[in-house]
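A.B. asks: So that you can map any letter, position 415 of the sequence shown is 415 in my numbering, and since no number is skipped, the others follow by simple counting.
Hints are computed from structural coordinates only; laboratory data are not their basis. Wrong hints could be hidden among the right ones.
[Unchecked claim] Keeping only pairs whose Cα atoms sit at most 30 Å apart, straight-line, the calculated DSSO-like set for lysine-lysine is:
1) K419 <-> K128
2) K61 <-> K14
3) K312 <-> K341
4) K419 <-> K312
5) K216 <-> K312
6) K14 <-> K341
7) K14 <-> K419
8) K438 <-> K419
9) K435 <-> K61
10) K128 <-> K348
11) K438 <-> K348
12) K435 <-> K419
13) K438 <-> K14
14) K128 <-> K61
15) K435 <-> K415
16) K341 <-> K415
17) K438 <-> K312
18) K341 <-> K419
19) K415 <-> K438
20) K61 <-> K415
21) K14 <-> K415
No experiment lies behind these values; they were computed from the predicted model shown.
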Amino acid sequence: MSSHGTPIPMSSHKSGPLTGVANVPGDKSISHRSLIFGAMAVGETQITGLLEGEDVLDTAKAMRQFGAEVTDLGSGEWSVHGVGVGGFAEPDQVIDCGNSGTGVRLIMGAMATSPIAATFTGDASLNKRPMGRVTDPLALFGCQTYGRSGGRLPLTLIGAAEPVPTRYTVPMPSAQVKSAVLLAGLNTPGETVVIEQEATRDHTERMLTGFGASIKTEETKEGRVITLQGLPELVPQTITVPRDPSSAAFPVAVGLIVDGSDVLVPGIGLNPTRSGLFTTLREMGADLTYENERIEGGEPVADLRARFSTLKGIEVPPERAASMIDEYPILSVVASFAEGKTIMRGVKELRVKESDRIDAMARGLEACGVEVEEDEDTMIVHGMGPGGVPGGGTCATHLDHRIAMSFICLGLACKNPVKIDDGGPIATSFPIFEKLMKDLGATILRANS
């Protein structure tokens, strides 16, 4: 069922050429960080283009509970009057982060080195996800955790009264873990050092620099070494949130797989730690062009134009996984319409996302006639060529917004309709998804329509 109410069964049907402009929402990762860093600055941070999905709104609510003044000014414009580094007040209610793994892990890091306590929970999906990967390094600062076995929500954090600077090597590619440790380091004297062996999205490092923190990144034999000087006074900023590449993946995908389509997706962030999907699609032979390339708010941005293409299966380099980890579900859909096998290795992180995304996509694609092989760390999709997927299946979404949207996209190019059990979770990250797709010409129906 949906994370926030009654399930919304939906179906998608073979559609004519999809054409037009797809204005996707603001970047979710940058939206979360804008609110959190704004709350830790002294003064007013102004944000334009904030993603107003449920995940980000839950983070805004949490920042209010920690004492920041967060105001929705309308039309994606927000104001955050921060309380400064170390200025969080103890919340008097449980912090409910809904479906957001990014939100809860970053917020835990932000409060872990203040002498306050906070209890965190989420929806049924979030409460199954591993939090030990964050609470373990936060314990090195002196933070204490009490809760369920396995480090899962609900749990209570008691922040360190006298935090100890930490040097931590992230054991898996995870921007959330890296960011949680860096946020904890803000209110810790001395230097906090994070080492990652595979580069992950670097929005936290970029934004900390913009807010005035002293942070440097070096490439060494150990890996990427990030050093943060503690106890800065963060300076409020004016932030324009670029449009989300993870959301752009869906209209780009249907532009490539629906016969005759030509879709323009403007203003997409192309941070190299986030753009692996688009590189992969071009290697598959996609007619995907970058137009009007520019820099906005320190991030590379371009307008993406996707035209229907005859695609070939490839092997995706495993070292690219960190730059496209959220995009493998929609890539597996695109791969279904390619010629030959698409091999995705190094993707075990998909097993601990909002759902087990390898299993969810494999079962749904098989229900629609696509052959899929998998093991713990690999997914192989046997493509059926343009227009070659039978469809006709009903796919379980497992409270996962990206699984739901991926199967909706699948049905737009299949011979027979594709059904999903619940489209409700889509609102967590892409509340305008259904309307945007219909405006391009997609046929998407709700069960009661």
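A.B. asks: Now look at each hint and say whether the structure bears it out.
C.D. replies: Now for the hints, and whether the structure bears them out:
1. K419 <-> K128: Roughly 25 Å between the alpha carbons, so the hint for K419 and K128 holds.
2. K61 <-> K14: violated (40 Å)
3. K312 <-> K341: holds (8 Å)
4. K419 <-> K312: Holds - the C-alpha atoms of K312 and K419 are around 26 Å apart, at most 30 Å.
5. K216 <-> K312: Violated - the C-alpha atoms of K312 and K216 are around 40 Å apart, more than 30 Å.
6. K14 <-> K341: holds (23 Å)
7. K14 <-> K419: Roughly 12 Å separates the two Cα atoms, so the pair holds.
8. K438 <-> K419: holds (16 Å)
9. K435 <-> K61: Given pair K435, K61 holds - Cα atoms ~26 Å apart, limit 30 Å.
10. K128 <-> K348: Holds, at about 16 Å.
11. K438 <-> K348: Violated, at about 33 Å.
12. K435 <-> K419: holds (18 Å)
13. K438 <-> K14: Cα-Cα ~12 Å, so holds.
14. K128 <-> K61: holds (22 Å)
15. K435 <-> K415: At roughly 22 Å apart (the allowed maximum being 30 Å), K415 and K435 satisfy the hint.
16. K341 <-> K415: Distance of about 20 Å is within 30 Å: holds.
17. K438 <-> K312: Roughly 28 Å between the alpha carbons, so the hint for K438 and K312 holds.
18. K341 <-> K419: Holds. K341 to K419 sits at ~25 Å (cutoff 30 Å).
19. K415 <-> K438: Roughly 18 Å between the alpha carbons, so the hint for K415 and K438 holds.
20. K61 <-> K415: Given pair K61, K415 is violated - Cα atoms ~44 Å apart, limit 30 Å.
21. K14 <-> K415: holds (6 Å)
The structure is inconsistent with the numbered hints 2, 5, 11, 20, although it conforms to all the rest.
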